[in-house]
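There are 2 protein chains.
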Amino acid sequence: MDLHYKNSARIEESTLKETAKKLEEYRGYLSQIMGIKVYDAPECSINLPVDQDLMAVVKVIKKSKVTKALKYIIVIGIGGSNLGTKAVYDALFGAFDPIEPMRFPKMIFLETCDPQYLERFSDFLKNQIKNPEEILINLISKSGTTTETVANFEIIAAVFNEKFGDEALHDRLVITTDENSKLWNLAKSKNITTLHLPHDVGGRYSVLSPVGLFPLAAAGIDIESLCEGAATMRKNCIENDLETNPALISAALLFLQAQAGKTINDNFFFAPQLESLGKWYRQLLGESIGKEQDADGKTVHDGITPTVSIGSTDLHSVGQLYLGGPLDKCTTFISVKIVPNPMHLPKEQFTDNLVEKLANTSAQNIMEAILEGTKMAYSKKELPFMEIVMPEISPFALGEYLQFKMIEMMYLGKLMNVETFNQPNVELYKIETRKILKQRGT
Amino acid sequence: MDLHYKNSARIEESTLKETAKKLEEYRGYLSQIMGIKVYDAPECSINLPVDQDLMAVVKVIKKSKVTKALKYIIVIGIGGSNLGTKAVYDALFGAFDPIEPMRFPKMIFLETCDPQYLERFSDFLKNQIKNPEEILINLISKSGTTTETVANFEIIAAVFNEKFGDEALHDRLVITTDENSKLWNLAKSKNITTLHLPHDVGGRYSVLSPVGLFPLAAAGIDIESLCEGAATMRKNCIENDLETNPALISAALLFLQAQAGKTINDNFFFAPQLESLGKWYRQLLGESIGKEQDADGKTVHDGITPTVSIGSTDLHSVGQLYLGGPLDKCTTFISVKIVPNPMHLPKEQFTDNLVEKLANTSAQNIMEAILEGTKMAYSKKELPFMEIVMPEISPFALGEYLQFKMIEMMYLGKLMNVETFNQPNVELYKIETRKILKQRGT
Chain A
1 MDLHYKNSAR IEESTLKETA KKLEEYRGYL SQIMGIKVYD APECSINLPV DQDLMAVVKV
61 IKKSKVTKAL KYIIVIGIGG SNLGTKAVYD ALFGAFDPIE PMRFPKMIFL ETCDPQYLER
121 FSDFLKNQIK NPEEILINLI SKSGTTTETV ANFEIIAAVF NEKFGDEALH DRLVITTDEN
181 SKLWNLAKSK NITTLHLPHD VGGRYSVLSP VGLFPLAAAG IDIESLCEGA ATMRKNCIEN
241 DLETNPALIS AALLFLQAQA GKTINDNFFF APQLESLGKW YRQLLGESIG KEQDADGKTV
301 HDGITPTVSI GSTDLHSVGQ LYLGGPLDKC TTFISVKIVP NPMHLPKEQF TDNLVEKLAN
361 TSAQNIMEAI LEGTKMAYSK KELPFMEIVM PEISPFALGE YLQFKMIEMM YLGKLMNVET
421 FNQPNVELYK IETRKILKQR GT
Chain B
1001 MDLHYKNSAR IEESTLKETA KKLEEYRGYL SQIMGIKVYD APECSINLPV DQDLMAVVKV
1061 IKKSKVTKAL KYIIVIGIGG SNLGTKAVYD ALFGAFDPIE PMRFPKMIFL ETCDPQYLER
1121 FSDFLKNQIK NPEEILINLI SKSGTTTETV ANFEIIAAVF NEKFGDEALH DRLVITTDEN
1181 SKLWNLAKSK NITTLHLPHD VGGRYSVLSP VGLFPLAAAG IDIESLCEGA ATMRKNCIEN
1241 DLETNPALIS AALLFLQAQA GKTINDNFFF APQLESLGKW YRQLLGESIG KEQDADGKTV
1301 HDGITPTVSI GSTDLHSVGQ LYLGGPLDKC TTFISVKIVP NPMHLPKEQF TDNLVEKLAN
1361 TSAQNIMEAI LEGTKMAYSK KELPFMEIVM PEISPFALGE YLQFKMIEMM YLGKLMNVET
1421 FNQPNVELYK IETRKILKQR GT
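Protein chains in written order, with our numbering: chain A, 1 to 442; chain B, 1001 to 1442.
Same shape as in the complex, but just chain A:
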């Protein structure tokens, strides 16, 4: 993975260095954490990709639950419980599922509790599934009491139960939750297979824990390679100096841009299958940095609003806004270096060279030209950006990206002087919702 920013981020190199210097102590702290074996601080999530014990457990359970009959992995979880899994799955398979109807196993995500989706999903279970082995349900809730997740599960479980019986349901279910949560204890009492994530690891930093690793492994994705990518990046982002440390550079740039009023970070992916990776980052940045109070308890209403754009699609949608509109954005372009077997346009064109210079060129060539053209346009308009080039879309490269961004966020939280790992304001709507559900009764 490469990060380019010189001549485009519009930040003085000396300012960048000064900013990075402020992170030296914290980088030392992360470096210490890298050695330890217990998960007793939120930053310990950086040790997940080298945790061989967790990997072994995930593999054993995968072996016991996945057979060739498996067609659908139903991931029931929301927010940190599924966004990382969806990011990796969609990049490798999900984005292509509509045009690969015969490829299995597919993953289906139940997130919110939409009544129409649930109705049609019940029909799917009733009519399309012949054999319980075709299904694997992974119920994921760190707290064990997420309303939508439990409600979705109850509805689906009732349908599954009616069709295949209680024993089949118990067999086709894996529950991932905090050790000793109420859900954990319930699962144990019913003898259901469980996985847990380390208590101190927060939802949005949990993709490389069993939360993400188990469903991804079940889908046939090489989770060892995913973790190797993450481990490599962990080293770069913690041990390296500014010059070769993408997390340090990116955090400092985002911080300095936000200080300069660029409080929207547009993540502009020139690869549509990475949209869900963008949505994973949207939570990571939004929830980690968007805070009413800073770490000293002062009211600040600080934060950076993440947006996800897809190249070249969104040039035809919000390109005008980005190039001409408010100067409130700092852009991260993300592109992919190597695409195997890029399709070429035919020599003899149906449309008789309606568009110049297209004959015999490749789709990859066109995409590269559009990205270059876009960067030139941004430069001419003096819009700040950095560019991340992923070597390819593979489990290894995705692991690199995920780890890079999680460590970037730890640095950024320090620079912004906020509590990176909490989300106090979210409680507010939950409290109100519970009140309403209580008033309404059933």
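These are computed hints drawn from the structure, not numbers from a lab.
One or more of the hints may lead you astray.
[To be verified] A short, non-exhaustive set of chain A residues, derived as facing chain B with CB atoms under 7 Å:
1. Glu148
2. Leu345
3. Leu354
Cβ coordinates follow ideal geometry from the N, Cα and C atoms, glycine included.
Based on the hints, put chain B in the right spot on chain A.
Chain B alone, transformed into the frame defined by chain A:
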């Protein structure tokens, strides 16, 4: 469709009235346009839903191209050429396609020119399609020279041609473009079925022209009902006074909020199948209002950045940012009043009432409680919002929403004093891209 804003938008009623008064002259202009039969101004798009000639043409071509064998409608287009179609299709079918594998015809969208997607799409054509009648290709480009659209088509056409021959390709292709564009002339010369959209109607206002109506009709969607919804809303939004005119209210609120520094408009849909509707609006708002210069040629870098959020999913993602972060957002909640057959949770729960008050309640009830709880939380934090309640998710209701938003945008453009219907800055990246493609050669 209902719009609620009193007590939540945090704008004085008198200020709102004054702002709306500024639009009286323009409202009169729109009212005049409503009567005419020619399309000689960009605002004439408001006449599309009552254009019986266009409707008739679309129906005739649908009849000639759609048989029971049809399985996939391939929409090749980008930006204004497909976002409206995708909005309606996804709301009714697309969001459920992964769990309704046997429902046809399905729509597939080729937008950007991603090499990996194209490769896998070619495999799909080669391996999954047995008969040319299973496919209908709708190539849509207003100008007729959109790089990505033409490139996608050339690649797909070559594969299709090789498998089924030239004649089959000609038969299974419908081209939608401006009358007398180069593409139009080419299509005519090859005797390919064509549809055109009125020249003065811009891409992002073209969903109710053949651009959207033809593929939607081919997919079996009731386009008459869609247009009836739009026609009803057109009347409300042009003839009614402020009190009962949602476009006028919404435009004035967005304008006043932007003046007050709320330059992000979050469209928070409490129905995941409406995400693409949000993305359609993202172009409409982004491109119509995001302008470097105002209508008098003054450099202003004005605009409102649209974001799309999904309830309740994104409460678990960016809820913390929205409730605690920067005070730069004005929110539009969109919810759906009636959902047929809402699923109920079972009386006897698998998880033994882990979450209180869930037994026997419905998914709809839970979603409503979460939306109410969220609005309460926003109110407590004094965050401005309005709420749109769609009566249901149906072609009629979607037609209402689309027309409401397009007229809202015309009003908003006037209030912001920008040229609502152009997108001058987009040319910049296109010029640079063309230069690069030329330099590189093939």
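Indices of hints not satisfied (ascending)
none
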